[in-house]
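Chemist: In case you want the letters, here they are:
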Amino acid sequence: MFTALRDILVGPFKVDPEKVTPEATLEQLGLDSLSVVELSLILEKDLGVSVTDDELLQTPTIGAMAELIGERGAPV
Amino acid sequence: MSTTEPVEDRAAVLAGVGGWVPPHVVTNDDLSAHLDTSDEWIRTRTGIRTRHRVSPGMATSDLAVEAGRRALDSSGDDRAGAVVLATTTPDRICPATAPDVAARLGLAGVPAFDVSAVCTGFLYGLATAAGLIATGVAERVLLIGADAFTTIVDPTDRSTAVIFADGAGAVVLRAGRPEEPGALGPVVLGTDGTLSHLIRVPAGGSRQRSLAPTHAPGEQFFQMEGRDTFRHAVDRMATASRQAVAAAGWSMGGVDRLAAHQANARILHAVADRLGIPAEHQLSNIAEVGNTGAASIPLLLAQSAADGGLEAGHRTLLTAFGGGLAWGATTLTWPKLSAG
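If you're matching them up, the sequences are chains A and B in order.
Start counting the first sequence at 132; every next residue gets the next number (this note's numbering).
Start counting the second sequence at 10; every next residue gets the next number (this note's numbering).
Do not rely on the hints blindly, as some may be mistaken.
[Claimed, not checked] To give an idea of the interface, some chain B residues facing chain A are shown, with a C-beta separation under 8 angstroms as derived from the structure:
#1 52
#2 56
#3 58
#4 236
#5 240
#6 243
#7 259
#8 279
#9 345
[As the list claims (entries may be wrong)] Simulated coverage check for chain A against chain B, where a stretch passes if three residues somewhere in it have a Cβ under 8 angstroms from a Cβ of chain B:
#10 169-181
#11 189-203
If you are wondering where the hints come from, they were derived from the structure by calculation, not from laboratory data.
Computed from a prediction, not measured in an experiment: that's the story for all the values here.
Each residue gets a CB set at the ideal place from its N, CA and C atoms; glycine is no exception.
Pulled out of the complex, with its shape left as it was, chain A reads as follows (with noise of 0.2 angstroms):
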C-alpha cells in the first residue's frame, strides 16, 4: 500500500519523491489541511477505499497512513 500511496503523492500532489518515506509526516511533505481532503477524495475515486480526511489526519506517518489504507481493503 505504501507504494500506491507515494504514487499518488508524487503525482498529484508533486511530493519530491525522496521525501517520501514511512517515517515522513504530511507537514514533512508540505501538505496542508486541505491536501488531506484532496487525498481522501483520491482514494475514494482511484482505490475505493473510504477514509475520512479526519482518520488519515490522526495518522502520524505516511507509513501509519499506507497502513490505514490497506486495512480498508486497498490492494497491495
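Got chain A; can you put chain B on it based on the hints?
Modeler: Here is chain B on its own, set in the frame of chain A:
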C-alpha cells in the same frame, strides 16, 4: 402586465450578460505585507494571483449597478420587469439592496428584492427569475450577483483574506421557448441547515442582537471551516451537476463548458475530476478575481463570453456551493450574445 403565451410553454432565456470588478487590485504581495503568507503559498494553495477590492465608501449596490447596466446593454434593451439581487453583503440589514439598484438603473417601480444563498445565490436567483417569468410577473428579469465580500472578511485571517474578493455579474432573462438557445434547463437546488455553522458571520443578526448590544471580538467577520467545506463542496457540486445534466437529458461527456463557482482552484479541480470534465472544458477566472461569492458565476460567464472561452452553441453546466449549506446546478446552451 400581459401574458400572451400559456405559462407551461414558457422558458427563461438568457438575453444578456455583463460583469464588473472594482478597479482596485490587490496582489498576493500586497497581502503578504501584513499576513504571514507569500505569493507562492497563496498561488499554490488557492490558485489566486490577484483580486479586486472595493474602495472606501463603495458598496455592493455600486458593483451591482455597473454589472446590471452592462447586462442590459448586452441584451440590447434597457428595460426589465423585475430585478433580483443575489448577495451576502447587502448595503445594510434593511431594506433590501435590489430596489436601490433598480432605481439607479432607471427601473424604479418594478419588483426588486434580494436573494440570500451565499455563494449559491446566483443559482437560487436563476430559479427565482425563471419563476417570475413562468408566472407572468415579468417578461424580462435582471438578475445580478454582487458581493463586496472583503467588507465581511477578517483582514488578519489568512485562510479567508487571501481568497474572498469583490465583484458583480449579471444576466438578463427573457420569456421564451424551451427549445431556444439560452433557455434555462432544469435547476437543481438543495440545502443542509444542520451544517450552517461551517460558513457563517455569527454577529449582526437577531440572535446576537437579542442577546447583547455588543458582540465578541471577531464575530462580525466571516468564518469558514476549511476542510469540511472543501469536502462538502466537492460532493455537493458533483452530485448536483450530475442531477442537472441528467434532468436536461444530456450526458456529462456532452458538456462543452463547466462554469463552477470559483471557490478555490483546488475545489474546481476536484469537482471537474469527479465529473470527468477535461481542463480545456473548464471556465476559470479565479486567478485574476478570486472568490467573489454570488458574483462568481455571472462574472465568469461575462468574462468568458468576452474572451471567447464561451461561444454560442456551447452546452454549459453551471454549479455552485456555499454557506447554508446551499448548492445548485443547471444547464443551458450558450446563446448568441454581445458580451457586456
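Chemist: Now tell me if each hint is right for this structure.
Modeler: Do the hints match the structure? See the list:
no.	hint	in the structure
1	52	violated (13 angstroms)
2	56	violated (12 angstroms)
3	58	violated (18 angstroms)
4	236	holds (5 angstroms)
5	240	holds (5 angstroms)
6	243	holds (6 angstroms)
7	259	violated (22 angstroms)
8	279	holds (6 angstroms)
9	345	violated (37 angstroms)
10	169-181	holds (count 4)
11	189-203	violated (count 0)
The structure shown violates the earlier hints numbered 1, 2, 3, 7, 9 and 11.
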